[in-house]
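> Assemble the whole structure, with the sequences as input and the hints as a guide.
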Amino acid sequence: MTVRTTDALSGSTPFDRMKVNDIMETAVQVGHAQTQAEVLGSLMIEGFGGVPIVDDNKQLLGIVTEFDLVAALDSGKRLGDLKAQDLMTREVIRVSPHSDMRTLIGVLQTNHLIRVPVVDRDGKLIGIVARRDIVRGYLSAAP
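So the sequence shown is numbered by the working numbering: it starts at 6 and just counts up by one.
None of these hints come from the bench; they were simulated from the model.
Do not rely on the hints blindly, as some may be mistaken.
[Claimed, not checked] Distance windows between CB atoms, simulated:
hint: 1; residue 1: LEU78; residue 2: LEU118; range: 15 to 23 angstroms
hint: 2; residue 1: ASP127; residue 2: VAL75; range: 14 to 22 angstroms
hint: 3; residue 1: ILE50; residue 2: ASP127; range: 30 to 38 angstroms
hint: 4; residue 1: ALA147; residue 2: GLN41; range: 15 to 23 angstroms
Yeah, the Cβ is synthetic: ideal placement off N, Cα and C, and Gly gets one too.
Written as structure tokens, this is what we have:
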């Protein structure tokens with residue numbers, strides 16, 4: 006059995022030539038600053054581990070993750086009393102759709118992230134990419 010990790014990141018495979026826009030999800034469930042935290046919690050139960058928060062122009066304002074909801078509950082807050090703007094992480098790590106796999110993997114690994122929003126050069130949310138998308142991309146590119 007051959008370990009492909011070094012090959013995949015060395016530029017010698019189709020996987021390494023992939024960009025974020027080749028593997029990202031573009032159908033992203035988003036919230037707005039005034040979205041109720043309970044609604045965000047419901048989305049997470051349905052499989053969305055993090056919900057990007059955007060303005061009316063799809064500019065990324067923040068993200069609410071499962072961690073944010075659990076932290077609020079741990080501090081005694083009621084989700085029904087909170088809005089996304091009360092919980093969201095405002096300093097969001099993001100990637101470009103043109104980032105390569107090495108960059109994407111580095112961002113996710115260095116920051117211990119499961120997923121990261123994808124924004125265009127104007128800061129507009131255009132997708133989200135998760136670790137599972139990397140694996141899916143790798144498997145689809147494998148000979």
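> Which earlier hints can't be squared with this structure?
Structure breaks hints 2, 4.
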